[in-house]
Structures are given as C-alpha cells and as structure tokens.
Amino acid sequence: MVQHNEKQDQVYRGCGSPEHRVHRRLFLQGAMASGIASVASFNGLFSIPALAEETKKQGKKCILLWLCGAPSQFEMWDPKPGTISGGPFGAIPTSIPGIQISQLMPRCATIMDKLAVVRSMSTEPNEHFQGIDVLTRGDKPRPPFTRPILGSVVAQQLGQLDSPVPQFVLLDPCPEGNEFKSFKAGNWAGWLGAEYGPVRSGGEYSIPDILRPESLSNVDHEDREALRKFLSRKFENDRRSEAAAGYNAAFDRVKGLMSCAPLFDLEKLPRADRER
Amino acid sequence: MAPECLQAQDTEAPFSSARIAERIDREIAAGYAKNAIESAPLCSDEEFVRRVYLDLAGRIPCVAERNSFLNDPSPTKRLDCIDRLLASEDYVQNFADTFDSILMGRGPRGKVAERKNLWRPYLENVFRKNRPWNEVAREILLARPESPDQSGAVWYLFERQDDAQAIAEAVAPAFFGIRIDCVQCHDHMNASEILQQHYWGLVAFFNRSKNQKTDAGPRISESAIGGFSEFANIHGTSSPNILTFFAAKTVEETRPEKDAKQEDNEELYLPPLTPNEPRVPKFSRREKFVDEILSGHPMFAKAFVNRVWAMLLGRGIVHPYDQMDSMHDPSHPELLDGLATDFMESGHDIKNLVRGIVASRPYQIDSTRLPGVDNPAWFARSIERALTAEQLARSIQIALHQTAQNDHPLMPDLRERMPDVLPEMIVTDVGDALFLTNNPKMHQVILEASQNDGLVARLASNADPKGSVDELFVAILGRHPDSTEFEAILEFTQGSSSVESPEHSISRWQSAVWAVLTSAEFRFNH
Chain Z
59 MVQHNEKQDQ
69 VYRGCGSPEH
79 RVHRRLFLQG
89 AMASGIASVA
99 SFNGLFSIPA
109 LAEETKKQGK
119 KCILLWLCGA
129 PSQFEMWDPK
139 PGTISGGPFG
149 AIPTSIPGIQ
159 ISQLMPRCAT
169 IMDKLAVVRS
179 MSTEPNEHFQ
189 GIDVLTRGDK
199 PRPPFTRPIL
209 GSVVAQQLGQ
219 LDSPVPQFVL
229 LDPCPEGNEF
239 KSFKAGNWAG
249 WLGAEYGPVR
259 SGGEYSIPDI
269 LRPESLSNVD
279 HEDREALRKF
289 LSRKFENDRR
299 SEAAAGYNAA
309 FDRVKGLMSC
319 APLFDLEKLP
329 RADRER
Chain F
-11 MAPECLQAQD
-1 TEAPFSSARI
9 AERIDREIAA
19 GYAKNAIESA
29 PLCSDEEFVR
39 RVYLDLAGRI
49 PCVAERNSFL
59 NDPSPTKRLD
69 CIDRLLASED
79 YVQNFADTFD
89 SILMGRGPRG
99 KVAERKNLWR
109 PYLENVFRKN
119 RPWNEVAREI
129 LLARPESPDQ
139 SGAVWYLFER
149 QDDAQAIAEA
159 VAPAFFGIRI
169 DCVQCHDHMN
179 ASEILQQHYW
189 GLVAFFNRSK
199 NQKTDAGPRI
209 SESAIGGFSE
219 FANIHGTSSP
229 NILTFFAAKT
239 VEETRPEKDA
249 KQEDNEELYL
259 PPLTPNEPRV
269 PKFSRREKFV
279 DEILSGHPMF
289 AKAFVNRVWA
299 MLLGRGIVHP
309 YDQMDSMHDP
319 SHPELLDGLA
329 TDFMESGHDI
339 KNLVRGIVAS
349 RPYQIDSTRL
359 PGVDNPAWFA
369 RSIERALTAE
379 QLARSIQIAL
389 HQTAQNDHPL
399 MPDLRERMPD
409 VLPEMIVTDV
419 GDALFLTNNP
429 KMHQVILEAS
439 QNDGLVARLA
449 SNADPKGSVD
459 ELFVAILGRH
469 PDSTEFEAIL
479 EFTQGSSSVE
489 SPEHSISRWQ
499 SAVWAVLTSA
509 EFRFNH
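These protein sequences, in sequence, are chains Z and F. Under the working numbering, think of the first position of the first sequence as 59, with each following residue one higher. Under the working numbering, think of the first position of the second sequence as -11, with each following residue one higher.
Careful, some of the hints might be misleading.
To be verified - Stretch by stretch, here's where chain F covers chain Z in the computed footprint (C-beta under 8 Å, at least three residues):
{"hint": "1", "segment": "127 to 138"}
{"hint": "2", "segment": "162 to 169"}
{"hint": "3", "segment": "280 to 288"}
{"hint": "4", "segment": "299 to 310"}
The hints are simulated quantities; they were obtained by calculation from the structure and are not laboratory data. We treat Cβ as the ideally placed atom computed from N, Cα and C, and that holds for glycine.
Okay, chain Z solo, but in the shape it has when bound:
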C-alpha cells in the first residue's frame, strides 16, 4: 500500500534526530493512534502493564471510521435475508463460506476473510447520542465527570506527550457537520485533559496556522511562548480555573505540532499517493 519514496522521507526533520523522519503516509500508517474507536470498556483495557507495553512495542495503531448517519446494518453488514426487518436489498455470499453481506457491497464481499464483523452489538441506551457515548467512551456518562474518548485514552496510555507528531488525529471531512455537530464539538479528552484531545484536520486534511509567522524568529517565538505560559499557568493556578487548564493544555501541543508541519503539507506528497 505504501509507495515508499526516499526523497520525500528526507523532507521532515522534526526535532532534528533522524529517528523522527516521517513521511506523512508512513505516519498515517504507523505513528498514529487515531480516530475514535470502540471496545467494550476502555477503563481496564490498558491496566495490564504487559499489554500496554507490548502494544507500545509493536507500534500498534488504530483507525476508526465513524460514519455518523451511515446506512443501517441491513444495507451493509447484516442484511438478514428473508426476514421482515431485512429491508429491500438482497444478500450476497462472501469470501468466507456461510457469511453473507448486503448486495450493495460486492467488493467488500471479496475481502471478508480480512474483516471482523460484530453483529451482536447492542447498547443499553437506545438514544443516538447516548449510544455514541457508550461506544466511543466505553461507558455511560457519569456526571460531573466526562469520560475520555478512545482516541484520547490510546494517546494517553500509549503515546508520548512530547511526541513531535500528533497522537490522536480527527480527520473530519465535513467540519460544519450535521446534527452530530454537538458530538464533534464535545469534550473528547474528558478527565485526561485537553492535551490528549484530537488534532482536528478539516475538509482539506491540512492543519491551518501550523507555520510560524515569517518575520518572527524562532528564538522570539519560543521566548514569548515561555512568557505566555508563565502568565497563563499562574492565572490557572491562582484561580484553580478549569477553563484555563484546558486552554493551557491546548497550547502545550503547539510546539510538537509545529515541528510536524511538513507532514500535513499535501503539496509534498507524491502525486501517485494523492491521486489514490
């Protein structure tokens, strides 16, 4: 899948050490624990140190495609042929004998042996947003605490805060959104803190304002940020301000992100990769 391009690999120098050279696509493939994803309950998922260590070592990553408002399971993975609830479309056989999926997905049917479909999933809350909460945060809300979303949990458990690449990326092709706008605007990192929130990349999949203003030297940039941080943290501590804590945590991610700016420069991607 990867079109490896030596020249492109040289572009990114990150913090300056050669281990951190990353090509954008390699990064998307390899360095990222991404997206929102779901397993039964995340609270205990990484509590076994051995599992966390092993996962970290293997460099496992996770991509979740969350289709807010997708076709129902009857038109996708679970057509229930021949039943009243089955819907108007037929079922087709797949590369695994005995498993059928909707006729609308003939190409997926050919790679069924590479997919794991869970058909038994149901949630106790039957309302959309509560269901989304359970699936993305592992459990029902427990006010006044906000559970972190899976991507934030993965970032916190397996990532490194000083990492020069984002550990949790939300690729949102439709930032303006639909009725799920409030979900997307929610507090994703929850009690872990804003530093584990996603880096959002909008319709163009690029990150705006990631480059320093040209007329500002790097020294001035770092100096003024140090002063800003001192003043802003002081306010946070003096007032015990939650709003300021989240605000300051967001700024803590700026340095790492700016160092990975070339990763998000689509112009630097090989043409063949872009066209795919």
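Fit chain F to the supplied structure of chain Z, relying on the hints for placement.
Below, chain F without anything else, positioned relative to chain Z:
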C-alpha cells in the same frame, strides 16, 4: 463605533428589574443554604467592570472607561454602569451578534454578507428599540411584514430555503428551548413527553410556505392547499401529520380524503390588500401557529429567560439551555418559573430582564474556585465563559488601540475559528492555540500595534519601563500586575541584551504584548 463615548439612547424607566434581582438573590441563596455551602464574595470593581462590559457591550472597557468607573464615588455605580451600557449602541451590536448565532447559526463565511441588508438591521433594531420578545417571535415566524422595518424578520424563514424540516428543527430550540432533531424517526427515547408527532406537526405549520422574491424584497408565500402527509414510526405504523406541537393544542384542520385531489383557487385566499405582497390563504398554517401555538405557550418565556440567564451566568437554570425536557431538571425550578412570570408581566421586556440579572448578586460574585464548591449549578461562584469571536476581536482592538471596529480583518477569521456561542462546556481546541500563535492576521495585529499610538509603540517609547509594565497589564487585563508578574515582564523586556537598539526593544514589547493577550486571563470572561 466609538467606545470612548457610549451613545446614549432613550432611557426607559426600569419596570421591575429590582424585583427580578431580589428574586434571584433570594432563590439562589436558598440553594446555598440547602446545600450548606458558602458562596464566593462579591467581585472587585476591577473584575466587575471587565465582566459587565464584556457581557453587555461585547468588549473589554478601554482604559478611560475603566478608570472612570473605578474613580466613581457613587454607591450606585454598578447599577449606573449597567444602565449606561444597556443604553449604548455597543449593547445593540453585542446582543445582535449573539442572537444572530442563536437564531440562525454561524453558517459559512458568506452568511454574514447575505444577512447584512435585511436580517442584521432588523435584529439590531430589536435591541436598539428593546422590542418585546413575543412580538419579535411573532414577526419572525409569521413572516408577513406589515411595515418596512419588519421586512428583515422574513429572513429567518427565507434563509432556510423552503426546508420545512430545517425550520422546525431551528424553531424548537430557539423559541421553546427543546430539541426535536431526535424525534424525526421515533418518539423521544428518554424525554418521553417529546413525540414524533410534534416534529411532523411543527414541520406541517411551515410546509406550505415558499420563498418568493417580490419587488418589496424577499417574502414567504403560503399555499392554501397541500402539505398533508403521513409519517411512519420505527414499528411501521403511519400517522397523519396533524397540526400540533409539544405542550400545545392541536389546530383543527379539514383533511382531504386520502388520494383526493385538492383544487387550488382564488376562493381560498383573502382579497389582496397590497399588490406586491404574496396572497394570504384564508386558513393560514403559519398564522395558526403564531396565534394558537406560539402565543401563550408554556415554554416560550421560560426558554427565553433560561437562555439569557445562560448567556450571563455561564449555564442555564436548565442546562443545556436548549434541552428543557424531562431529562434535564432545572437547578432552581421556582426561580425559573418566577423569572418567566416576571418577564411576561414586564411585557416580554428583554432589557429589563438583562438588567435584573446583572444587578443580582450571583452575577456579581467572584469567579475563583472555592474548595468544596464544585457544582456549577449552585451558582456559588461566577462561571468562566470564553469570549465569543466578536467579543474577542473587539477586545483585542480595545486592548491595543483603545477603539474597535466591527469590520476588523480578524472578525471573519475568528468567527470561523471559534464559532461557539454559549457552548455546553468550554473546550479549547488545539487549532485555537495554533491560530493565536501563528495566524498571519493575528501577527499583523501585533505589528500594527507597534505603530503610531498603538500599545506596543506606547510601551516601547516610554522612558519609564516600570510604568510600561503597569500599562501593559491595565490595558489588556484591566488590572495591575502583581510583583512576580511585574518582575517577569521587566526582566523580559529590559534584560541584559534588550537595550541594544530601539528595534530590539520594540520586538521585546511585541512579544510581551502577545504573551499577555494570549494568556488564559484574556481569553475568558471571569
């Protein structure tokens, strides 16, 4: 806009805002007692003047306004300041900004220009003339202007381009404080009082309406026929879309037999009064809606007072403010009912309600978090709120130049970057931090402040750097620095290598100004 000299308008006698403030103080204090907590003390004058300017005028005070308030010896100076701001054009612009977002949504960039000619002036007039909210709601939803100054009201429906579902989904939270998006396909799963028939009923009130461009401007015509359909629930059972809504009566209407063809003819319409206006059906669903559903609806006043409360106090008495259903109990039910009654009795007087709330003690207490006082629904400390894009764009200008323009280049970018108005919770996106750090227009603002009498230029040219440190804090944060802050800024701007050249001095002050301007203290109203 000239913030230094707030333009006074007609001052109307406060109806009962003192009564509103007393009610708030009483009910909120009862909550403290019930939960055995102590509330924060009253905030200082320095904090109050920043807070009340942000909330009413939509910007921080300039230095002269701040000083004049602090030096005012009058014991009623907080109330005087509130009245002065409520009479200002800044209040009009600020509330028009907020209600534009609440009623229309931010939408993409182009919307600001589209709304400029009709909608925005209408909205401004609502707050400039302090029009009664029930009349405004009626004009917006009937969309049949009786005079040119009402014609902008049409835009609320017109912008939604004949999409009756979009209209219904916008009307429910904006005027009734409930969300109905979920009940399009089924009765509400949790708030069981909100039914699928309320969704399709609300849609039906608007599904005969059509945008029409006339010589007099955009209008919403209405057909006398059609708009009958059935909706199916998840069990497959069909029901007719009768004219009904949540907590309201059902409007009687003759339904044609199934498959019967309705004939449209002039008999069904009133004789035209004005040649340019669309004809009006004798049975008008929109008219029925405003007369029989909207007027006197039990949620109408409650939804409004809860929203204004949320704007000024950081969260609704029902939170979130647009989900006033059985899933979300009010923290202070008697207060909500009482405020709604006061609001109705005052003639749906918006300014009076705002005046009452900001004059109350819970509005004027300190924001520092107290140990043991964790529940924000107690209103035992002032809840921090993020400045809206407009408030931020104006406040940055005030801090740097003591004056602000609404058409500043930062305005559209900030609206896009930080679109939230009254968010359920404050979340800072990493993208916000990147914007404030690197955005070219943000950088330009700092560069411009280095010229003429901009803040950077003033600070750098002051022969007394200690005075500059103080001015930096007062201009941007509205307070004096404490000793550690003072030392930090002095060291930063005057450190060993800093006195090399005037250019270098300017660049250090640019950095210091940026650092204070992008600190959390400036970003929030507290």
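Which constraints among the numbered hints does this structure fail? Numbers only, ascending. Hints 1 and 2 contradicted; others consistent.
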